[in-house]
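If you're matching them up, the sequences are chains A and B in order.
Here the first sequence stands for residues 1 to 200, numbered as in my numbering.
Here the second sequence stands for residues 1001 to 1200, numbered as in my numbering.
A few of these clues could be false.
[Said to hold, decoys possible] Capping the alpha-carbon separation at 20 angstroms, the derived lysine to aspartate or glutamate pairs in EDC-like fashion look like this:
1. B:K1072 - A:D192
2. B:K1104 - B:D1024
3. B:K1104 - B:D1189
4. B:K1072 - A:D189
5. A:K72 - B:D1189
6. A:K72 - B:E1021
7. A:K72 - B:D1178
Hints in this document: simulated from the structure, not taken from any laboratory.
There are 2 protein chains.
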Amino acid sequence: MPSPIEFYFDFSSPYGYIASEKIDALASKHGREVTWRPYLLGVAFKTTGSAPLTSIPMKGAYHLRDMIRTAKYYGVAYHHPSPFPISPVTPSRAFYWLHAKDSKLARDFAKALYRAYFVDGIDISSADNTVAVCARCGLNADSVRAAIADQAVKDLTRVEVAKAIERGAFGSPFIIIDGEPFWGSDRLDQVDRWLQTGGW
Amino acid sequence: MPSPIEFYFDFSSPYGYIASEKIDALASKHGREVTWRPYLLGVAFKTTGSAPLTSIPMKGAYHLRDMIRTAKYYGVAYHHPSPFPISPVTPSRAFYWLHAKDSKLARDFAKALYRAYFVDGIDISSADNTVAVCARCGLNADSVRAAIADQAVKDLTRVEVAKAIERGAFGSPFIIIDGEPFWGSDRLDQVDRWLQTGGW
């Protein structure tokens, strides 16, 4: 059984969202599983000296256009949300709390969160909204609310973010296949070829 | 007759080189011409706060790998050169001097310069080496050497670089089709679709 594909992403990242709509089918086509790992891009930015794309002169205006165009290119529903970007901390904590119980449910929850933000325009940085998305996935709202505020869940999230950075993740999506890193939704074609040939 | 595609690139950019091997055939497939416009990415970096990729923590190691892999993915010959990066000033001046005389010859010269650097490992930041590449293209070595040092050619180059930045170029390659900007060799697929559909 080949190793799962590592899929690192930030809940505020449009390109992470686009990849999230494609990665499972792509992996499955090649008989692979995917480990979903949200992290905080802002922590990596402290090392790379980068910043949220839309805050950068010249790049900002370009990326607002490119995000919409790229979603369209991949056939993924997309409405550029406002506010943007947002803090991914609360949905990441909810994810890791759930992930410790049921990784498949956590993945479905991650997809639901991404769609809530990038399709329905719901600000998932708010605990109330993250709890509401959880409730739609069949989870108990009070348990989710308690989990988000739980110090153990905060610590777990911090550990997972540190692990992502240790693995070299500095962008979103950041995909690792058997040690080979791929950054960006625009590397999905290379991911596909790599999975097919085992390197080329 | 549709407008030519604007192709902005930096002579030290691996992704610019990869695109340079593809852009003419891609444009021609859709009945378009290409205007080749070398510029100095370092000037745009002053606005975007960016830096040469390989100098950035985390990103540097990734991109060294990605440049080689991406060239392979596109079937483009590539040997990562040393020194890297280099100043693109001298080859850009030689280009614009030649471009004022013969734009088609200037394009062929740009391709030859890129290959000299990214295939043969010749440091084209040196005037001697740029002159040698020119000579291989059938140009008179003394004329090229004089042109590179000519204040009028330096001024012309400065004007063209300023124009590129005014058009919004901040990366390499940076491709504009009827006002729509595409950044990166990884946007060639979107360029192809855009040319086919006139936007989508």
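- Message: Please list, smallest to largest, the hint numbers that this structure does not respect.
- Response: 3, 6
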